[in-house]
Amino acid sequence: MGRVADNAADAELLDKAGRGDEAAFLLIYERHRTPVFRFAYRLLGSVPLAEDVTHDCFLSLIRRPHGYQPDRASLRTYLCAAARNLALKQMGRHRLETAVDEPPERRDDDRGADPLGRCLEGELAEGVRRAVSELPPLQREAVILFEYLEMSLAEVAETLGVDVGTIKSRLHRGRERLRRTLAPRLAEMSVSRAAERRA
Amino acid sequence: MNDERRMAGAGSGAEGPDPHRDELDEVLEAWVAPEVPRSLDRRVLASYRELTPARPLWVRFFTSTVRVPLPVATAAVVLLVLSAVVALRPPQPTPTVSGGGAPIRSADRLEAAVVTHTDLSGFQPARDSGATIVLEGALQ
Numbered sequence: 001m002g003r004v005a006d007n008a009a010d011a012e013l014l015d016k017a018g019r020g021d022e023a024a025f026l027l028i029y030e031r032h033r034t035p036v037f038r039f040a041y042r043l044l045g046s047v048p049l050a051e052d053v054t055h056d057c058f059l060s061l062i063r064r065p066h067g068y069q070p071d072r073a074s075l076r077t078y079l080c081a082a083a084r085n086l087a088l089k090q091m092g093r094h095r096l097e098t099a100v101d102e103p104p105e106r107r108d109d110d111r112g113a114d115p116l117g118r119c120l121e122g123e124l125a126e127g128v129r130r131a132v133s134e135l136p137p138l139q140r141e142a143v144i145l146f147e148y149l150e151m152s153l154a155e156v157a158e159t160l161g162v163d164v165g166t167i168k169s170r171l172h173r174g175r176e177r178l179r180r181t182l183a184p185r186l187a188e189m190s191v192s193r194a195a196e197r198r199a
Numbered sequence: 001m002n003d004e005r006r007m008a009g010a011g012s013g014a015e016g017p018d019p020h021r022d023e024l025d026e027v028l029e030a031w032v033a034p035e036v037p038r039s040l041d042r043r044v045l046a047s048y049r050e051l052t053p054a055r056p057l058w059v060r061f062f063t064s065t066v067r068v069p070l071p072v073a074t075a076a077v078v079l080l081v082l083s084a085v086v087a088l089r090p091p092q093p094t095p096t097v098s099g100g101g102a103p104i105r106s107a108d109r110l111e112a113a114v115v116t117h118t119d120l121s122g123f124q125p126a127r128d129s130g131a132t133i134v135l136e137g138a139l140q
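Protein sequence lines, in the order shown, are assigned to chains L and C.
Quick note: the working numbering has the first sequence finishing at residue 199, numbered continuously throughout.
Quick note: the working numbering has the second sequence finishing at residue 140, numbered continuously throughout.
Derived by calculation from the structure, the hints in this document are not laboratory data.
All figures in this text were calculated on a predicted structure; none of them were measured in a lab.
Hints are not guaranteed to be accurate.
Said to hold, decoys possible - Just so you have them, the derived chain C footprint on chain L, three or more residues with Cβ under 8 Å:
#, stretch
1, 39-53
2, 64-70
3, 82-92
4, 128-136
Claimed, not checked - Just a sample of chain L residues kept apart from chain C, beta carbon distances all over 10 Å, derived:
#, residue
5, Ala-8
6, Ala-17
7, Thr-34
8, Arg-118
9, Cys-119
10, Arg-197
To be verified - Derived CB-CB ranges, DEER-like:
#, chain 1, residue 1, chain 2, residue 2, range
11, L, Arg-72, C, Leu-88, 45 to 53 Å
12, L, Arg-118, C, Ala-76, 47 to 55 Å
13, C, Ala-76, L, Arg-193, 17 to 25 Å
14, L, Ala-5, C, Glu-29, 25 to 33 Å
15, L, Glu-188, C, Arg-42, 41 to 49 Å
16, C, Pro-37, L, Ser-152, 43 to 51 Å
17, C, Pro-93, L, Arg-19, 50 to 58 Å
18, C, Glu-29, L, Leu-26, 24 to 32 Å
19, C, Asp-22, L, Arg-118, 23 to 31 Å
20, L, Val-164, C, Asp-41, 14 to 22 Å
Quick reminder that beta carbons are idealized off the backbone N, C-alpha and C, glycines included.
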């Protein structure tokens with residue numbers, strides 16, 4: 001299905017959801033909850049705050065279903081833009097510009113790995129999380145949307161309400177900063193790759 | 001990875017492609033976001049129910065939809081079509097013998113009386129119910 005058809009289908013579901021059709025609402029929610037929640041989590045660095053943002057984001061969608069215009073953007077972009085505004089409010093409320101209050105995430109498939117490997121991966125994940133959290137907010141949101149939500153440059157630009165050139169610039173600066181912060185990790189990775197190639 | 005992503009690290013494009021693009025991406029992937037908590041699902045649904053007016057039962061009946069897996073839906077449609085074909089099939093014509101055979105005639109009606117039910121009126125038990133054994137050779 002094309003983007004326009006997807007947007008129209010979402011708009012129709014949203015219209016039904018606004019009139020009390022719970023099944024339609026659940027379809028929308030299940031389709032978009034994960035990117036919205038993860039975007040909020042990565043912006044705020046806190047599961048409870050990300051929950052609040054995601055909750056308020058979907059509720060505001062139901063309160064004003066006609067605020068979404070399918071000819072302008074996808075519903076995911078619209079929801080992420082709403083989540084961003086709500087997250088900025090949370091940041092102001094909790095002074096969370098660089099939130100590092102969550103324990104490092106662990107992948108499910110790590111359970112079988114050796115303890116040392118788990119420890120190293122946890123350390124790496126925490127390092128990345130800290131590096132992303134320490135980015136200036138405008139660079140951070142661009143990096144999160146582009147790298148983690150895998151949005152296109154145009155979608156990131158729509159979500160953040162700026163032009164594509166600005167997004168390219170923010171991404172470039174954000175990535176440069178990440179590369180500097182994560183330089184030891186990148187060097188380790190280069191060494192291990194070179195060793196793999198020799199073996 | 002598409003070209004847009006590959007070139008993203010190059011800013012305006014003046015500096016050329018990012019040589020560390022793949023390694024940085026790999027390192028960034030180490031930070032995995034958690035799954036959506038179940039508590040959030042329940043909370044959102046409860047808030048949605050509070051927010052939207054309860055619809056009358058008849059409205060829900062006429063506007064509700066049911067999601068059916070495709071194989072089940074296909075099987076149901078096939079069954080429906082087969083039933084319709086069987087129900088709408090024209091009745092089979094009476095078989096006729098073509099050619100020079102004897103003409104078909106209806107079966108003769110049985111004139112003899114047929115016992116359709118019995119009762120025990122007039123029944124008398126046997127007076128002598130003693131059994132007599134007759135050997136096979138004695139009858140000849």
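Take a look at whether the Cβ-Cβ distance between Arg-118 (chain L) and Ala-76 (chain C) falls inside 47 to 55 Å.
Given a distance of about 49 Å, which is inside 47 to 55 Å, the answer is holds.
In terms of beta carbon proximity below 8 Å, does the stretch 128-136 of chain L have 3 or more residues touching chain C?
holds (count 3)
Is the Cβ of Thr-34 (chain L) more than 10 Å away from each Cβ in chain C?
6 Å, violated
Holds or violated: the 50 to 58 Å window for the beta-carbon distance between Pro-93 (chain C) and Arg-19 (chain L)?
57 Å, holds
When you take the CB atoms of Ala-5 (chain L) and Glu-29 (chain C), is the distance between them in 25 to 33 Å?
Holds, since Ala-5 (chain L) and Glu-29 (chain C) (Cβ atoms, about 31 Å apart) stay within the stated range.
Against chain C, does the stretch 64-70 of chain L show at least 3 residues with beta-carbon separation below 8 Å?
violated (count 0)
Could you see if the CB distance from Arg-72 (chain L) to Leu-88 (chain C) stays within 45 to 53 Å?
Since the Cβ atoms of Arg-72 (chain L) and Leu-88 (chain C) sit about 51 Å apart, the hinted range of 45 to 53 Å holds.
Starting from the range 24 to 32 Å, see whether the pair Glu-29 (chain C) and Leu-26 (chain L) falls in it by beta-carbon distance.
30 Å, holds
Cβ distance range 17 to 25 Å for Ala-76 (chain C) and Arg-193 (chain L), holds or violated:
At 55 Å between Cβs, range violated.
Does Cys-119 (chain L) sit more than 10 Å from chain C, CB to CB?
13 Å, holds
Return holds or violated for the Cβ distance of Glu-188 (chain L) and Arg-42 (chain C) against the range 41 to 49 Å.
42 Å, holds
Are there three or more residues in the stretch 39-53 of chain L whose C-beta lies closer than 8 Å to some C-beta of chain C?
holds (count 4)
Violated hints for the displayed structure, listed by number in ascending order: 2, 3, 6, 7, 13, 16 and 20.
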